[in-house]
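Fit chain B to the supplied structure of chain A, relying on the hints for placement.
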Amino acid sequence: MRTDIILSGVGGQGILSIATIIGSAAINEGLYIKQAEVHGMSQRGGDVQSNLRISSDPIASDLIPLGKVDIIISLEPMEALRYLPYLNKEGWIITNTVPFVNIPNYPDQEKLMEQIKNLKHSVAIDVDAIAKSVASPRAANIVLLGAASPFLGIETDKIEDGIRRVFERKGEAVVEMNLKAFQAGLKYAQESLNK
Amino acid sequence: MNNKHLLLGDEAVALGAIHAGLSGVYAYPGTPSTEITEFIQAHPLAEERNIHRHWSTNEKTAMEAALGMSYMGKRAMVCMKHVGMNVAADAFVNSAMTGTNGGLIVVAADDPSMHSSQNEQDSRFYGKFAMIPVFEPSSQQEAYNMMNDAFSFSEHYKVPVLMRLVTRMAHSRAVVETGAVREMNKMSFPSNPGDWVLMPAVARKRNVKLIGQQVDFLNESEKSIYNKYVDGKDHSLGIIACGIAYNYVMEHFKDGCPYPVLKISQYPLPVGLIRRLADECDSLLVLEDGQPVVEEMIRGVLDSGKVIKGRLTGEVPRTGELTPDNIISAMGLKDEEVYPPCELVVPRPPALCQGCGHRDMYAALNEVVREYENSRVFSDIGCYTLGFLPPYRAIHSVVDMGASITMAKGAADAGQFPSVAVIGDSTFTHSGMTGLLDAVNENSNITILISDNLTTGMTGGQDSAGTGRLEQICQGIGVAPEHIRVVVPLPKNMEEMKQVIREEIEYKGVSVIIPRRECIQTARRHNKQK
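In order, the protein sequence lines correspond to chains A and B. At position 166 of the first sequence the residue is numbered 166 (our numbering), and the sequence of numbers has no breaks. Remember, our numbering sits 1000 above the position in the second sequence when you count from 1.
One chain only, chain A, in its complex shape:
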């Protein structure tokens, strides 16, 4: 198997926790992994992304070439579209629908959502609302991970194990909250696929 992923969002939204969990699950499965991040000045309210590659065969480049990304997982709708040239024509965008507006010229939200829905494969999900209703607003990134999990090429229960390992030291309540958030995201994605 091989899955090339771009994780995107705005600095501080928590894309790196998603990467950590997928990474943990991938390592446990004996898969190869490469994950490139950008740290530093770009973290502060600016756009952030991480290239995450998992594969059963050795991986050459830390960066994913244009047109080769299988899934864009984004905590912000405009940030999902920023990396469109990297998405392969059969690839998926799994994105939060809630915009993070910290710039004066943020584009028209309806047009953004229209663009996302016009793609061949996409799941658009209000992870903030779902996180709030089933767990905690802080678990929004894990809801998104849940929604992306059917496309990762790793079984969902292995991802859940990853969540347990990553949040273990924060206590059972935090683990349970995140598992709930994950399940809610997964359920949403499955329902939207069956439509």
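These aren't lab readings, by the way, just hints derived from the structure by calculation. Glycine is no exception: its CB is placed at the ideal position from the N, C-alpha and C atoms. Among these hints, one or two may not hold up.
[Stated by the list, open to error] In silico lysine-lysine, DSS-like type, Cα no more than 30 Å apart, as pairs:
id, chain 1, residue 1, chain 2, residue 2
1, A, Lys89, B, Lys1254
2, A, Lys117, A, Lys195
3, A, Lys68, B, Lys1228
4, B, Lys1004, B, Lys1223
5, A, Lys170, B, Lys1530
6, A, Lys89, A, Lys187
7, B, Lys1254, A, Lys120
8, B, Lys1528, A, Lys132
9, B, Lys1528, A, Lys170
10, A, Lys180, B, Lys1528
11, B, Lys1508, B, Lys1492
12, B, Lys1334, A, Lys89
13, A, Lys158, A, Lys180
14, A, Lys68, B, Lys1223
15, A, Lys158, B, Lys1004
16, B, Lys1128, B, Lys1306
17, B, Lys1309, A, Lys68
18, B, Lys1306, B, Lys1233
[Claimed, not checked] A short, non-exhaustive set of chain A residues, derived as facing chain B with CB atoms under 8 Å:
id, residue
19, Ile33
20, Leu66
21, Ser192
Structure of chain B alone, referenced to chain A:
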């Protein structure tokens, strides 16, 4: 025992150093090198062995302290971002002249494409300049393995070794398999103590010795396990791929590259291997991240007439980091058709955090300097550099660590008024203090704001060398105590701040205003810990 770890390139360097028997890391934070020292600071073995891991005031003090530890026979490492090499350069270049006792590795993390830097300088030039070997890993595993080899190299030949990373190596994770853990060196004085006194007579002798060693370093490169010649069927092209460029080549050839590839991860450049590639191939393509160091060198090595493609000839972009995409046409491959960029997407530049003290500082400063016809604000390296962007548009220069104070002084010397400097607390102790002494000695008419957030903020909140002592430092350097003014940058104190800034601009001499409030990111962390 689980010996597989998912590590950033930076962390692989750090763990490799610890396992190689490191006794001390010396560093000033700088993207993309910061995580090396942070990893060592958090590692249990570093605590158990009491490995030195405290931040240094700047890269030069770090380099010198590491050289002192090497003098005592112990293994030492210095870490910095590429522009830190400029600060450390005096000590760095001369450490090749003294030579080492315990192994000494200098890690320079370059930032091609300038993700978080002011230039694209390539540290391999520094290695060549100082006439010492350079290691450039192509994978996190190699980065780990190289540390022990580089320390051994350093101890065998008694020279410092430069380890060059680039952002995509430093900040990318992969699984690393770790090896044996070596003991730390015992203390020992150098066997050749006279070499360490670089008076001209000694330095001339050392220079000859170092030049004589170049042939040994070359032989090491020719047979290095990190330099690899992989033959291919199609000899119309031979590819020289340095460091991570090798990965970008192999990304396009899942079943092996049809062209011969020479992977280079150890310098000086293995000229024998390069001649072989040149003899066997009709043309050459040089792929290297950063500046065209190798490309320029081999144009001097090979006989004329050979077609050499690379950054200098335009087959590869002259600036910016390499990617798997921008080398495609150079290898004669075709770009695939991809989605065009989405027209709705607009840039989202970084910004100062909501609630940050620098914001209140700039809000007050902007209002006061507008009262003058032609004010100039010279700034510096740190989060407050973002004061250049809207909504503040408050600053007129950012050049290098500490330049705000000295540039404000030079501008005042030329007749500028008001001439204002804005510098952070950590940058001030890194390289601002000496410039302040220049200003005090001439009673320059400048106003300096040391925007003190009690930390090194931009790199994620490391300790700042002068925390709690800035007034003392300024007073010790000679600023009049009544012109060292501390304010708390909060919206409710806006009128007071403006008044203080106004008064100090009007004072004809050196004044220092210290707007002081903890970085809200570190404050949040501290509150959580409570």
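Now for the hints, and whether the structure bears them out:
1. A:Lys89 x B:Lys1254: 21 Å, holds
2. A:Lys117 x A:Lys195: 14 Å, holds
3. A:Lys68 x B:Lys1228: 28 Å, holds
4. B:Lys1004 x B:Lys1223: 28 Å, holds
5. A:Lys170 x B:Lys1530: 16 Å, holds
6. A:Lys89 x A:Lys187: 25 Å, holds
7. B:Lys1254 x A:Lys120: 28 Å, holds
8. B:Lys1528 x A:Lys132: 22 Å, holds
9. B:Lys1528 x A:Lys170: 13 Å, holds
10. A:Lys180 x B:Lys1528: 24 Å, holds
11. B:Lys1508 x B:Lys1492: Satisfied, since the Cα-Cα distance of roughly 28 Å is no more than 30 Å.
12. B:Lys1334 x A:Lys89: 17 Å, holds
13. A:Lys158 x A:Lys180: 15 Å, holds
14. A:Lys68 x B:Lys1223: 37 Å, violated
15. A:Lys158 x B:Lys1004: Cα-Cα ~19 Å, so holds.
16. B:Lys1128 x B:Lys1306: 24 Å, holds
17. B:Lys1309 x A:Lys68: Holds, because 27 Å separates the two Cα atoms, which is no more than 30 Å.
18. B:Lys1306 x B:Lys1233: Distance ~20 Å between Lys1306 (chain B) and Lys1233 (chain B) Cα, so the pair holds.
19. Ile33: 6 Å, holds
20. Leu66: Cβ of Leu66 (chain A) sits 5 Å from chain B, so the hint holds.
21. Ser192: 22 Å, violated
In the structure shown, a violation is registered for the earlier hints numbered 14 and 21, in ascending order.
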